[in-house]
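**Student:** Below, each chain spelled out in residue letters.
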Amino acid sequence: MDGKTAQHNWRFAMDKNKKFLAAGFLVSLFLAGVVSFYASSDPDGLEKVAEDIGFIETAKDHTYADGALADYGVKGIDNERASVGLAGVIGVIGTAVVGGALFTFIARKPKKVNK
Amino acid sequence: MHIPDGFIDVPTSAVFAGIAAVGVATALKGARTQLDEKSAPLAGLTAVFIFAVQMLNFPVVAGTSGHLIGAALAAVLVGPWAATLALTVVLIMQAFLFADGGITALGLSIFNMSVISVWVGYGVFLLVKKILPKTKSSVVVASGIGALISVPAAALGFTLQYAIGATGTFSVTSVLSAMVGTHVLIGIGEAIITGLTVSAVIASRSDLVYGWKDSTTQLEIRHG
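Residue numbers (my numbering), protein chains in the order written: chain A, 1 to 115; chain B, 1001 to 1224.
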């Protein structure tokens, strides 16, 4: 395989990966931004167990209970569909930025010797 | 299973935060050797997807909901080291931005979900994969079973923390049976979501699935 073909194949693989990443990101945006509105609002497993047994009383208020995005809603937006959807979108983008930065940093090899 | 502040006393939370920190530091080291420029964005995407799906609480039994943890899913897709980190990123975002899971309890939650759930889920996945034929469907089934077990495993982690440092005075045995019972049911949902996601990725881009690549390195067809 000559250099040109190798480079072409490599480019092709990276494009395919970009498409996959874009698709995955869009699916995540849709789930957090739209589907999340339909999620069950019943207490989750731990919360329910804590209620049933009684130790829910020992829970303290969250440090950031009054935060702008507390409980997956955007403060000031009354429409619940918009509020949870926007919170979800912000969370997806925020996680992408933080996670993307972290993993890109980790994957950086200290000086490529064999390339 | 995001633990609010107050359930577990501060000293116990601090000890588990220390253990969790060791787990995350080890994962950083492991991920460093494993990730490259191709797999790093996938690990980021896995964190993003898990954040999104964790918002989708599904009903379990009357009055109870559950949502994906995603530990086994992440381990199968990007490997256990990156999975621990992905889950940790998600838990930190949720605690600080969305007030989901207490700040002093963060180490407890990271221990349960980023460490215990990931490694138990991945361990079970490897065991099941070993006894099944080397096919893509086996990887899907194994990831589902790993996911199923990974949820009550995290519930056991919480029960351990409760036994050591509960601020309440309720019996540990009743917490144990209620936590495991509820989370086996949530584990079924976890297994379904994990199986569906792994099968979708493996059908379109099996070359990106860590838990599948792993079993095919010997048989890999090299193009060109």
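Be careful, since some hints might not be right.
[What the hints assert, rightly or not] Using 30 Å as the maximum straight-line C-alpha spacing, the simulated DSSO-like pairs for lysine-lysine come out as follows:
(1) B:Lys1134 x A:Lys60
(2) B:Lys1136 x A:Lys16
(3) B:Lys1038 x B:Lys1213
(4) A:Lys60 x B:Lys1130
(5) B:Lys1134 x B:Lys1213
(6) B:Lys1136 x A:Lys19
(7) B:Lys1038 x A:Lys109
(8) B:Lys1038 x B:Lys1130
(9) B:Lys1213 x A:Lys109
(10) B:Lys1038 x A:Lys18
(11) B:Lys1213 x A:Lys18
(12) A:Lys109 x A:Lys16
(13) A:Lys16 x B:Lys1213
(14) B:Lys1213 x B:Lys1130
(15) B:Lys1136 x A:Lys75
(16) B:Lys1136 x B:Lys1213
(17) B:Lys1136 x A:Lys18
(18) A:Lys16 x B:Lys1134
(19) A:Lys18 x B:Lys1029
(20) B:Lys1029 x B:Lys1213
(21) A:Lys60 x A:Lys75
(22) B:Lys1029 x A:Lys16
(23) B:Lys1134 x A:Lys19
(24) B:Lys1134 x B:Lys1038
(25) A:Lys109 x A:Lys18
(26) A:Lys19 x A:Lys109
(27) B:Lys1213 x A:Lys19
(28) B:Lys1130 x B:Lys1029
(29) B:Lys1038 x B:Lys1136
(30) B:Lys1038 x A:Lys16
Everything labelled a hint here was simulated from the structure, so no lab data went into it.
**Student:** Which hint numbers does the structure go against, in order from smallest to largest?
**Tutor:** 1, 4 and 15
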